Every structure is written in structure tokens, then in C-alpha cells.
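Given these sequences and hints, build the entire structure.
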Amino acid sequence: MTDNSRRDFLATSAIAGAALVAGDAFAKPAAGNAVMPKLLHHVFFWLKNPDSVADRDKLIAGVKSLAAIETVRSIHVGIPASTEKREVVDNSYHVSELLGFDDVAGQDVYQVHPLHKKFVDEHQHLWSKVVVYDAVAVK
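Here the numbering used here runs 183 ahead of the position in the sequence shown, where the first position is 1.
None of these hints come from the bench; they were simulated from the model. Owing to the predicted nature of the structure, the values given are computational and were not obtained by experimental measurement. Any given hint might turn out to be false.
To be verified - Capping the alpha-carbon separation at 20 Å, the derived lysine to aspartate or glutamate pairs in EDC-like fashion look like this:
| no. | residue 1 | residue 2 |
| --- | --- | --- |
| 1 | K312 | D234 |
| 2 | K322 | D273 |
| 3 | K301 | D234 |
| 4 | K312 | D273 |
| 5 | K241 | E305 |
| 6 | K268 | E253 |
| 7 | K247 | D304 |
| 8 | K221 | D286 |
| 9 | K300 | D273 |
| 10 | K312 | D240 |
| 11 | K241 | D304 |
| 12 | K300 | D234 |
| 13 | K231 | E305 |
Claimed, not checked - What follows is a set of in silico ranges between Cβ atoms, one per label pair, in the way DEER data are often shown:
| no. | residue 1 | residue 2 | range |
| --- | --- | --- | --- |
| 14 | N232 | K322 | 40 to 50 Å |
| 15 | Y316 | T266 | 30 to 40 Å |
| 16 | E270 | V292 | 32 to 42 Å |
Ideal Cβ positions, reconstructed from N, Cα and C, are used throughout, including at glycine.
See below:
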């Protein structure tokens, strides 16, 4: 094996290993690259019936359906982690979604997309409160 082909093999192996270690940070990877999306849309949901696993699971399934929208580049759906209780941590929500977009225009498409409207229509009866944080990357 030549030095160049060995180097290429090691570089490829390192990238593959890093991808495995990174795991499922986003269930839907960025389109064709490993760069973090430029705009993140983070939504926190509080359920009307917080003890209802059925309601939580229905909301989670609905949120996951939003991955089919063509401008969504990444999606992470979660529930509060059982991390250390600290004054600065608010884990009072029940479900969260973190969506990645290329830009504001992509997020605008998402907001008026029929699948997003259907999600809201079919699931809004499940939540009592929603808080949204949108952020763009700083260069």
C-alpha cells in the first residue's frame, strides 16, 4: 500500500468512525454534508394530559412526520433528559423538536407547508403550551 493510499484509507476510516461516534444526533442527516444547518427551529410542547403516554406518543409520531417536508435538513425529537437538576434547567416540557434548515426561506416554506398545517390541525388539541426558539448560526 502506498503512503497516499494508506493516508486516504486512514482519513476515510477516521471520518466513518467519527460518524459512528456522533451517532444519531439528527435522525435525518444534513443533505449531502455533515455541516450543521444554518437555521435551527426548536419547539417545546407541554401536553394537556402530561400523564398520557398515548398522547405523548401521538405527538411524537406527528412531529416525526414533519421530516418529509423538503426544506427540513435535520430533525431531532426528544423528551426531557434525566440530567442533574439545576436552577438553570427547565425540563418542564414534555416533547421537543429541533429542526434544521438551510436558511430563513426554508423555514418559511415549512411554516406554510400542507404537512405542517396538517400536523397542527391534527395535534394542537394535545398541547396546552408551545414555545419556539429560532436561531441562526453565527459566523
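Worksheet item: Given the hint that K241 pairs with D304, does the C-alpha gap stay at or below 20 Å?
Response: This hinted pair holds, its Cα atoms lying about 13 Å apart.
Discussion item. Given a hint of 30 to 40 Å, does the C-beta separation of Y316 and T266 actually sit inside it?
Written reply: At 19 Å between Cβs, range violated.
Worksheet item: Within a Cα-Cα threshold of 20 Å, do K241 and E305 meet the stated pairing?
Response: Holds: K241 and E305 sit about 10 Å apart, inside 20 Å.
Practice prompt. Could you grab the alpha-carbon distance between K300 and D234 and see if it respects the 20 Å cut-off?
Written response: violated (26 Å)
Worksheet item: Range hint 40 to 50 Å: satisfied by the CB atoms of N232 and K322?
Response: Between N232 and K322, where Cβ atoms are some 43 Å apart, the hint holds.
Worksheet item: Does K268 pair with E253 here, judged by a C-alpha cut-off of 20 Å?
Response: With a Cα-Cα distance of about 37 Å, the restraint between K268 and E253 is violated, given a limit of 20 Å.
Item to complete: Please work out if K312 and D234 have their alpha carbons no farther apart than 20 Å.
Response: holds (15 Å)
Worksheet item: When you check the alpha-carbon spacing of K221 and D286, does it fall within 20 Å?
Response: Answer holds: K221 to D286 is near 6 Å, not above 20 Å.
Fill in: 20 Å Cα cutoff - pair K301, D234
Cα-Cα ~25 Å, so violated.
Worksheet item: Do the beta carbons of E270 and V292 sit within 32 to 42 Å of each other?
Response: Cβ of E270 to Cβ of V292: about 38 Å, so the range 32 to 42 Å holds.
Worksheet item: Is the straight-line distance between the alpha-carbon of K312 and that of D240 20 Å or less?
Response: Answer holds: K312 to D240 is near 17 Å, not above 20 Å.
Worksheet item: Does the alpha-carbon distance linking K312 and D273 stay inside the 20 Å limit?
Response: Status holds; Cα separation ~14 Å.
Of the hints listed earlier, those the structure fails to meet are numbers 2, 3, 6, 9, 12 and 15, in rising order.
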